[in-house]
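So the protein sequences, as listed, match chains Z and E.
Using this note's numbering, the letters of the first sequence map in sequence onto residues 1 to 373.
Using this note's numbering, the letters of the second sequence map in sequence onto residues 1 to 373.
Everything labelled a hint here was simulated from the structure, so no lab data went into it.
Do not take every clue at face value.
Because identical chains share one entry, a pair is satisfied inside a single copy or across any pair of copies.
16 angstroms max Cα-Cα, derived EDC-like pairs, lysine to aspartate or glutamate [claimed, not checked]:
#: 1; residue 1: Lys248; residue 2: Glu19
#: 2; residue 1: Lys79; residue 2: Glu367
#: 3; residue 1: Lys248; residue 2: Asp117
#: 4; residue 1: Lys5; residue 2: Asp65
#: 5; residue 1: Lys302; residue 2: Glu19
#: 6; residue 1: Lys363; residue 2: Asp72
#: 7; residue 1: Lys302; residue 2: Glu289
There are 2 protein chains.
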Amino acid sequence: MIVEKQFFTFARNKPMVLECGARLGPVTIAYETLGSLDEERKNAILVLHALSGDSHMAGRYSERDPKPGWWDIMIGPGKAIDTDRYFVVCSNIIGGCMGSTGPSSTNPSTRRPYGLDFPVVTIGDMVRAQKALIKHLGIERLFAVIGGSLGGMQVLEWSLRYPGMVRSAIPLATTARHSALAIAFNEVARQAIMADPNWQGGNYYGGARPNLGLAVARMIGHITYLSDEAMRRKFGRRLQDRTDLSFKLDVDFQVESYLRYQGKKFVDRFDANSFLYITKAADYFDVEEQHGGGSIVKAFSKARAKFLVVSFTSDWLYPTYQSRELVQAMKKNGLDVSFCEIEADWGHDAFLLPNERLSSLIKGFLECVGRGL
Amino acid sequence: MIVEKQFFTFARNKPMVLECGARLGPVTIAYETLGSLDEERKNAILVLHALSGDSHMAGRYSERDPKPGWWDIMIGPGKAIDTDRYFVVCSNIIGGCMGSTGPSSTNPSTRRPYGLDFPVVTIGDMVRAQKALIKHLGIERLFAVIGGSLGGMQVLEWSLRYPGMVRSAIPLATTARHSALAIAFNEVARQAIMADPNWQGGNYYGGARPNLGLAVARMIGHITYLSDEAMRRKFGRRLQDRTDLSFKLDVDFQVESYLRYQGKKFVDRFDANSFLYITKAADYFDVEEQHGGGSIVKAFSKARAKFLVVSFTSDWLYPTYQSRELVQAMKKNGLDVSFCEIEADWGHDAFLLPNERLSSLIKGFLECVGRGL
Numbered sequence: 001m002i003v004e005k006q007f008f009t010f011a012r013n014k015p016m017v018l019e020c021g022a023r024l025g026p027v028t029i030a031y032e033t034l035g036s037l038d039e040e041r042k043n044a045i046l047v048l049h050a051l052s053g054d055s056h057m058a059g060r061y062s063e064r065d066p067k068p069g070w071w072d073i074m075i076g077p078g079k080a081i082d083t084d085r086y087f088v089v090c091s092n093i094i095g096g097c098m099g100s101t102g103p104s105s106t107n108p109s110t111r112r113p114y115g116l117d118f119p120v121v122t123i124g125d126m127v128r129a130q131k132a133l134i135k136h137l138g139i140e141r142l143f144a145v146i147g148g149s150l151g152g153m154q155v156l157e158w159s160l161r162y163p164g165m166v167r168s169a170i171p172l173a174t175t176a177r178h179s180a181l182a183i184a185f186n187e188v189a190r191q192a193i194m195a196d197p198n199w200q201g202g203n204y205y206g207g208a209r210p211n212l213g214l215a216v217a218r219m220i221g222h223i224t225y226l227s228d229e230a231m232r233r234k235f236g237r238r239l240q241d242r243t244d245l246s247f248k249l250d251v252d253f254q255v256e257s258y259l260r261y262q263g264k265k266f267v268d269r270f271d272a273n274s275f276l277y278i279t280k281a282a283d284y285f286d287v288e289e290q291h292g293g294g295s296i297v298k299a300f301s302k303a304r305a306k307f308l309v310v311s312f313t314s315d316w317l318y319p320t321y322q323s324r325e326l327v328q329a330m331k332k333n334g335l336d337v338s339f340c341e342i343e344a345d346w347g348h349d350a351f352l353l354p355n356e357r358l359s360s361l362i363k364g365f366l367e368c369v370g371r372g373l
Numbered sequence: 001m002i003v004e005k006q007f008f009t010f011a012r013n014k015p016m017v018l019e020c021g022a023r024l025g026p027v028t029i030a031y032e033t034l035g036s037l038d039e040e041r042k043n044a045i046l047v048l049h050a051l052s053g054d055s056h057m058a059g060r061y062s063e064r065d066p067k068p069g070w071w072d073i074m075i076g077p078g079k080a081i082d083t084d085r086y087f088v089v090c091s092n093i094i095g096g097c098m099g100s101t102g103p104s105s106t107n108p109s110t111r112r113p114y115g116l117d118f119p120v121v122t123i124g125d126m127v128r129a130q131k132a133l134i135k136h137l138g139i140e141r142l143f144a145v146i147g148g149s150l151g152g153m154q155v156l157e158w159s160l161r162y163p164g165m166v167r168s169a170i171p172l173a174t175t176a177r178h179s180a181l182a183i184a185f186n187e188v189a190r191q192a193i194m195a196d197p198n199w200q201g202g203n204y205y206g207g208a209r210p211n212l213g214l215a216v217a218r219m220i221g222h223i224t225y226l227s228d229e230a231m232r233r234k235f236g237r238r239l240q241d242r243t244d245l246s247f248k249l250d251v252d253f254q255v256e257s258y259l260r261y262q263g264k265k266f267v268d269r270f271d272a273n274s275f276l277y278i279t280k281a282a283d284y285f286d287v288e289e290q291h292g293g294g295s296i297v298k299a300f301s302k303a304r305a306k307f308l309v310v311s312f313t314s315d316w317l318y319p320t321y322q323s324r325e326l327v328q329a330m331k332k333n334g335l336d337v338s339f340c341e342i343e344a345d346w347g348h349d350a351f352l353l354p355n356e357r358l359s360s361l362i363k364g365f366l367e368c369v370g371r372g373l
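Same shape as in the complex, but just chain Z (with noise of 0.2 angstroms):
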C-alpha cells in the first residue's frame, strides 16, 4: 500500500474564525487517503489521530520505506477498516506539525512561523477544519468517525457538532472531559517545555531548539500511556547494558533508558509548540460544558451516529468509568450504542497495538452499520 501525503487549502480569502474570536487562514490541512470513494460517496470513514499522530494512518510513503504510518495494523485490505471497502480519510490536526497549519507554520501577516501568535485552537476547530476537507472531497455524510484518545475527543465532537454528517462513530479510550489528573500531566509536560531556554517565548524557529523541555515533557506523556503492569512485563527492574547497579547519577534500568529513548526520537519528529498547544486543546475539551450546558445527558441529545465505545482496563490516563459515563449519557438519550471494555494489560496505549478483540469488535460494527443493522 503506497499513500501519498496531499494537501487541501481553504480560508485563503475569508479566514476561518475560531472559537477564541481569532483569525485563522489561508488553512492548510495535510491528508491521506487509501481505498476508493463509492458511486453514492456513502462509503468513507474519516480516521482521527492522537497527540503525537499525522494523517499517515497506514501504508508506507515508497517500496524502500521502512515504516509504516501508525495504525496499519487496523486499516489495509481485508483488515478491521478494509479498504477494498471503505475509502478511508485521514488528516493531520490544525495546531500539528505534520503538514496542517500550526505555531510552525508561516504567520502570512509576518511571514515568519506563528510562534505564539498562533491562535489557541481547540477540539471543535480541529472538527471544523476536517469538515472542510471532507467537503472538499465531496462527501456529504460519513460512514463512520474513528479515533483513540484525542482522536477519540475528535470522534466525539464530529457526533455532537455535525450530527447529520455521521452514521457511525466509533470513541477509542477517550473521555468527555480530562480529569484534574490528566489536566495535571499537561501541564508539567508544558512547563517542562517552557522552562527550556531554548523556547524562548515560543519564538525559536530558526535557531536552537528546546529539545531537552520537550525530551522531558515526551517522557512524562509516555508514562502515561503505559500501565504499572504493562512496565512490569517489558521492564520490571532489568539493567541495562549492565550487571550491577552504576552508583553514579546515569541510566541504570533499561526503562530509564527507553523513556530516554523515546525522548529523543520524539524531538527529531514533533515540534514544542504543536505539542502545547494541542494538550491545551485536549484539556479545553469539555463536551459537557461546550455541548451541553453542564450536562453531559443533554450534550447527547444532538447526536444522532450509531455508536461504538471501547475503554480498556489498565489504562489510567482515561479510565473505563470515564466511557462508562459517555455511554450512559448516550443510553438516556435512546441512541445506539455499543460498549466493550477490552481486558488490555498495555494502558492507554492499547489501542494502537495488536489487538484481536479491538480488530473484530471495529470490524464487526462498521459491518453491521453497512447492512442497516
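Place chain E on chain Z using the hints.
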C-alpha cells in the same frame, strides 16, 4: 511543643565506607527529639522521613513558628506516637539538604560543596548513619521504627540490617522495591533537573540554581502522590481566578495553579542535587536482591521485629499488592505481622494526612508491643 534541631557528627577520623565503596567523612546528622528516654532506654521510637521531609517531625521551633513539623498530627502528647510515653527521634537522611551531610555540604578535600563528587548513597547507608546516631544517644534497642514511603523503605532496611535492634516496625505506604513505573517517574524528574542549564553538572552552588528544572521535578512527584479521585475532589475542572477559559498558554485550571505553586514553594527549601541522590537511592532499594539473594522470603528470614504494614487503597505509586508481598514474605517466616489496607482517597500522600484509622492503628499497635503482646 518547642523543639530544637541538633547535630551529631561522626566518622571524623575514620570515614564511613559506603555501599558503593566510596568513603564519606566526617558525616553530620541533623536530628530532633521529643519526649524523654526512660531509665531502661527501652522507649525510643525512630521516625523516618520521606523524600522531601526532614528531622522536623513535630512541634515548632519557637512560639512564633507558624508551621509545625511534617507529622505533627501523629506525634505529640497524647497522640498516636505519644511523646509522654516515648522518646521520639527523627533525623535528616544523609544525601539530604536539611542539615545532614549531602551534596550541598562542604567537601573537606576541596573546601567547596560536593556537588556530584558526593558519592551515591543507598537506603542502607542512610540507615547505617542513623544507627550511629542511635548508638550515640545511648539506645541499644528501638521500641519501634516508623515511616512512610521512602521512610518505610528505611523501616524495612532497619528490620533486616539490625534485627536485634528493632523491637517493632511500621512500614507505611511503601514497597520492597520500586516498580518500573516508580523508577520511570523518578527518572523523568531527574531528567527535568539535569535539563536545566543552571544545573551545570551539579556544580551550581554560589550561582543561579536549577529552580525551573527542580520545580518540574517536584510537580511530577506531586502528581504521583495524589490520586485521580483526590484530584477530582480537590480541583475537578474548576478554573483559577476566572470565569472563562483564557485561550492562552497560561493557567486556566486550579490544578495547574496548585502545581505551579507546589513547584515554586519546593525550590525555596530543597536542593536539586539532593533530589537526584535521594530518588536514586529509592530506585536502587531492593529488599529481594540486597537481603535475600533474589528471594523476598529469604530476605525476611533475618527479621525479628513485630510488624504493622499499612497500605492505602488509592496509592498508585506503591499499590497495595506491593505491601501484600511484604506481608506474605513476613508470614512465611513466621513473623508476627498485622496488615491493614486503609480505605483512603488521598493517594500515596494519605499517610501524611489526618486519618483516624491510621492513628488508632499505630496507637493500638504500639500499646500491644509495650504490653509484650
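Each hint, compared with the structure:
| no. | hint | in the structure |
| --- | --- | --- |
| 1 | Lys248 to Glu19 | between (50 angstroms within a copy, 12 angstroms between copies) |
| 2 | Lys79 to Glu367 | within (12 angstroms within a copy, 66 angstroms between copies) |
| 3 | Lys248 to Asp117 | between (43 angstroms within a copy, 10 angstroms between copies) |
| 4 | Lys5 to Asp65 | within (14 angstroms within a copy, 65 angstroms between copies) |
| 5 | Lys302 to Glu19 | neither (19 angstroms within a copy, 65 angstroms between copies) |
| 6 | Lys363 to Asp72 | within (15 angstroms within a copy, 59 angstroms between copies) |
| 7 | Lys302 to Glu289 | within (14 angstroms within a copy, 59 angstroms between copies) |
Of the hints listed earlier, the one the structure fails to meet is number 5.
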